[in-house]
Amino acid sequence: MSIFIAKLSTWSRSQKNRNLFYQLVFLILVAFFVNYLVSKAMQLELTLSHFESRSGFGISHTFIKDYTSNDSRWSAYFTGVINTVRVSLVAIILATLLGTIMGVARLSKNVLFSTIAYLYVELVRNTPLLIQIIFWQIIFLKLPRITEALTFGSTVVVSNRGILLPYAKPAEDINSNIFVIVLLFIIIISFVLSYYLNKKEDIDGKKFKILNYNINGSLAGTFVFLILSVSAYFILQKPFVLDLPSLYQNSKGTYLQSGGFEFTPEFGAILFALVIYTGTFITEIVRGSIQSLSKGQTEAAQSLGLTNYQSMTLIILPQALRSIIPPLTNQFLNLTKNSSLSVVIAYPELFMVSRTIMNNSGRALPVFFLILFTYLSLSLIISLFMNFINRRVTRIGA
Amino acid sequence: MKSKLFFLLLAVMSLTLIIACSEEVEEAAPQVEVTKDSHDDDDDHDHDEHKDHSTLEEVLERGVLKCGVNDNLTGFGVVTSAGTFEGFDIDYCKAVAAAILGDASKVEYVPLTASARFEALSSEEIDLLIRNTTWTASRDRDLGNDFTATTFYDGQGMMVYADSGYKTIEDMAGATICVLQGTTTELNLDDRFKSAGLDYTPLTFETNDPLQAAFEERRCDGWTTDKSGLASKRAEFPAAAGGPEALVVLAETLSKEPLGPLTRDNDSEFYDVVQWVVFGLIQAEESGITSSNVAAMAADPKDPGMARLLGVPYGDGKVADFSFGVDPTFIQHAIKAVGNYGEIYERHLTPLGLTRAGSLNAMWTEGGLIYAPPFR
Ligand SMILES: N[C@@H](CCC(=O)N[C@@H](CS)C(=O)NCC(=O)O)C(=O)O
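Here the protein sequences come in this chain order: A and B. Counting in the numbering used here, the first sequence runs from 69 upward without gaps. Counting in the numbering used here, the second sequence runs from 694 upward without gaps.
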């Protein structure tokens, strides 16, 4: 026994051994802790088996995927997920554009531009998003009623049921899916081609020539894209046809509008609110990043004889991008999470549909876990994508 | 610094484990003993916590009843300009508070949206839910609550603009319908249109105000909810949008919507009190007891049945034991506070134009469904 204690005390004299011991204890505790949590969780019926059941409720906005109340709750849930992704994705793109323009305008020497950008940021950033969403709902509801809908020939219909625009819709036969895949390939091919040609031009230091004509990579890519896609369209026997909106009255006198691409007041309200609200934060990020660059950059650009526009797009923004992207990622995540507020104006996104399911099934906890998991997944996808972009940007800069 | 943090973490985790373990022991105990609660089959872990204490004891201890209500439905539950709550459902909160605590003002009203109400009840944010809530099988089975009794027999209706020319649901093919989320009406709507083979677009709102805004701008062709709710919303329809005359409620009743108070599952003491307060107020009407004559009736009950109801001795006899764990005079307190069923109805629903005579909500003696089991 005493030998054992003696051995132990020599063993424990080493910092390394002691650390090893602590880590072991810690690990065991963690294992117990996880085990405890898991066993607790197992007791709370966490299954989502009730998602197989018929949903029984209708959803106003369906996109890409068809849905009826005869489908399962899973199907309803995925319709909600698609609606969330749809509004978030469009809002992210538009908010970035708006924020960049406003951020640059904020620093403009033109007093009008900089004042507009300043007022925009100060007014919009300091009111609650929820109120802005309801504000936009009211604005969109003020569009003409369907009985007085504005029509522009048979191309556009505008009413507070939605704005309908001409759109392409798949023709009756099966070729449309093939066409989409082929089109994707064509896009990839054209990109690779233009990238390759531009690179070659950079390395060789001279223009790529065919029969004495200078061929610019981007131009060649566009050209190839047009030729290939148009031929594919005709080879596959016009897989998409023009879908024109229409406004009509059915036999009972109900006014209906259908066809084309539909932009509803609910989608519009949440989109505008998210874009304009998040745009203010992006404005500030862009402004801050530009200001953090040394003034010498602008002066050097000007002394090279670049115009303001050139120095902004070629010198300033590319450098600012490095410090823009990390905080921008945060804003994208916020935007996606904020889209759940659209529950108040009847845009059926993931949270709203899940709440309805929760109400009909009662099993709140597993549904909440599913909602959390879904938002987490969306956030992770955005983060991964932005990290990828960030790595590219920092590498090019280095 | 780092090592301190590490030890803190260690301490927290071991503490959690210790607590966790002792909890496990506690949990195991009742299974060894013969359970005192007959509902105690362990399939319902979500509601384990509710079994240990009764809401009745808690309300008595707290001295206040937490009642989940509507704050936006004139006639049933609404906040007045003075900031007080008022309505048919509100009176039932008051009646229960008067019965248990002897004071109708000892109520804390918790306004709830349709989609948040069941969570509020099961998470014990409230003791009692009285928010024009329909009794259905799946709500009884899945939502962890029990329906006590029906206070109002309602049915779903469809409200449209008079100038739309709609006379029946069949006229409404392709229409857009505004509806509230988490309601039975959202589901009945789909059943009705689906079975008729009619297309429609549901516009589903979480709360009533944005829904009404959309309806006023004619974003939707119809507005569907309980007929009582429609009557209330129609009566208040703003003149700027055409006033009540601009709207009609279609004759068809789409569903059965029996509304009434709910308590949590496995909470039988409290459940019984609430249920018998509802029955008591019906019996009071049947026996001709009102808020104004209840004191006189209690002093000199006409028959032993009335004495039992009011918790007073009949003649020189003894008081029958009818306490339900509260004061035997609990029904008397409730009647004093809000009056009998007919008085409550008269006060809140008649002004909405919901005629009682000839409806399902007439007394059973007059061909209605309002009926209380015997008080004995
Ligand atoms: N009885 C139905 C519907 C309850 C319901 O939501 N009613 C409407 C009107 S009858 C309401 O409460 N509206 C007011 C609001 O939500 O603000 C149910 O229990 O699901």
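No wet-lab data here; the hints were simulated from the structure. Among the hints, a few may not be true.
[Said to hold, decoys possible] Cross-link-like lysine to aspartate or glutamate pairs, in silico, EDC-like; alpha carbons within 20 Å at most:
1. Lys759/B / Glu818/B
2. Lys949/B / Asp833/B
3. Lys887/B / Asp139/A
4. Lys320/A / Asp892/B
5. Lys133/A / Glu818/B
6. Lys799/B / Glu812/B
7. Lys320/A / Glu945/B
8. Lys759/B / Glu1039/B
9. Lys860/B / Glu945/B
10. Lys887/B / Asp134/A
11. Lys210/A / Asp902/B
12. Lys133/A / Glu216/A
13. Lys320/A / Glu863/B
14. Lys949/B / Asp839/B
15. Lys177/A / Glu367/A
16. Lys799/B / Asp864/B
17. Lys237/A / Asp134/A
18. Lys320/A / Asp996/B
19. Lys210/A / Asp839/B
20. Lys320/A / Asp856/B
21. Lys210/A / Glu910/B
[To be verified] One side only, chain A facing chain B, incomplete, derived with CB under 10 Å:
22. Phe125
23. Leu209
24. Asn266
25. Lys268
26. Ser326
27. Gly327
28. Ala369
C-beta atoms are modelled at their ideal positions from N, C-alpha and C, and glycine is treated no differently.
Evaluated hints:
Restraint check: the Cα-Cα separation between Lys759/B and Glu818/B comes to about 8 Å, which is no more than 20 Å; the hinted pair holds. Restraint check: the Cα-Cα separation between Lys949/B and Asp833/B comes to about 16 Å, which is no more than 20 Å; the hinted pair holds. Of the supplied pair hints, the one linking Lys887/B and Asp139/A holds, its CA atoms being roughly 13 Å apart against a limit of 20 Å. With a C-alpha separation of about 13 Å, the suggested pair Lys320/A and Asp892/B falls inside the 20 Å cut-off, and the hint holds.
With a C-alpha separation of about 38 Å, the suggested pair Lys133/A and Glu818/B falls outside the 20 Å cut-off, and the hint is violated. Restraint check for Lys799/B and Glu812/B: not satisfied, since their Cα atoms lie roughly 23 Å apart, outside the 20 Å limit. Between Lys320/A and Glu945/B the CA atoms are separated by roughly 18 Å; this keeps the pair inside 20 Å, and the hint holds. For the hint linking Lys759/B to Glu1039/B, the alpha-carbon distance of about 25 Å lies beyond 20 Å, and the restraint is violated.
The suggested pairing of Lys860/B with Glu945/B holds, with an alpha-carbon distance near 9 Å, which does not exceed 20 Å. Pair hint Lys887/B plus Asp134/A holds up; C-alpha atoms about 16 Å apart against a cutoff of 20 Å. With a C-alpha separation of about 16 Å, the suggested pair Lys210/A and Asp902/B falls inside the 20 Å cut-off, and the hint holds. Straight-line distance between C-alpha atoms of Lys133/A and Glu216/A comes to about 31 Å, which puts the hinted pair past the 20 Å bound.
Restraint check: the Cα-Cα separation between Lys320/A and Glu863/B comes to about 9 Å, which is no more than 20 Å; the hinted pair holds. Between Lys949/B and Asp839/B the alpha-carbon distance is near 18 Å, which keeps this suggested pair within the 20 Å criterion. Our distance criterion of 20 Å between C-alpha atoms is met by Lys177/A and Glu367/A, whose separation comes to about 14 Å. Restraint check for Lys799/B and Asp864/B: not satisfied, since their Cα atoms lie roughly 49 Å apart, outside the 20 Å limit.
Distance check on the hinted pair: Lys237/A and Asp134/A sit about 14 Å apart at the alpha-carbon level, within 20 Å; holds. As the CA atoms of Lys320/A and Asp996/B are separated by approximately 61 Å, the hinted pair breaks the 20 Å bound. A distance of roughly 44 Å separates the Cα atoms of Lys210/A and Asp839/B; the hinted pair therefore is violated under the 20 Å criterion. Distance hint between Lys320/A and Asp856/B is fulfilled; the C-alpha atoms sit about 13 Å from each other, no more than 20 Å.
With a CA separation close to 7 Å, the supplied pair Lys210/A and Glu910/B stays within the 20 Å bound. Taking 10 Å as the C-beta contact cut-off toward chain B, the hint placing Phe125/A at the interface holds, the least distance being around 5 Å. Using the Cβ-Cβ criterion of 10 Å, the hint placing Leu209/A at the interface with chain B is satisfied: the shortest such distance is roughly 4 Å. Given the 10 Å rule on beta carbons, the hint for Asn266/A is violated: about 49 Å separates it from the nearest Cβ of chain B.
The closest approach between the C-beta of Lys268/A and any C-beta of chain B is roughly 53 Å, which is over the 10 Å cut-off, so the hint fails. Against a cut-off of 10 Å between C-beta atoms, the interface hint on Ser326/A holds, since the closest Cβ of chain B lies about 9 Å away. Hint status for Gly327/A: violated, given a least beta-carbon distance of 13 Å to chain B, over 10 Å. Taking 10 Å as the C-beta contact cut-off toward chain B, the hint placing Ala369/A at the interface is violated, the least distance being around 46 Å.
Of the numbered hints given earlier, the model fails hints 5, 6, 8, 12, 16, 18, 19, 24, 25, 27 and 28; all others are met.
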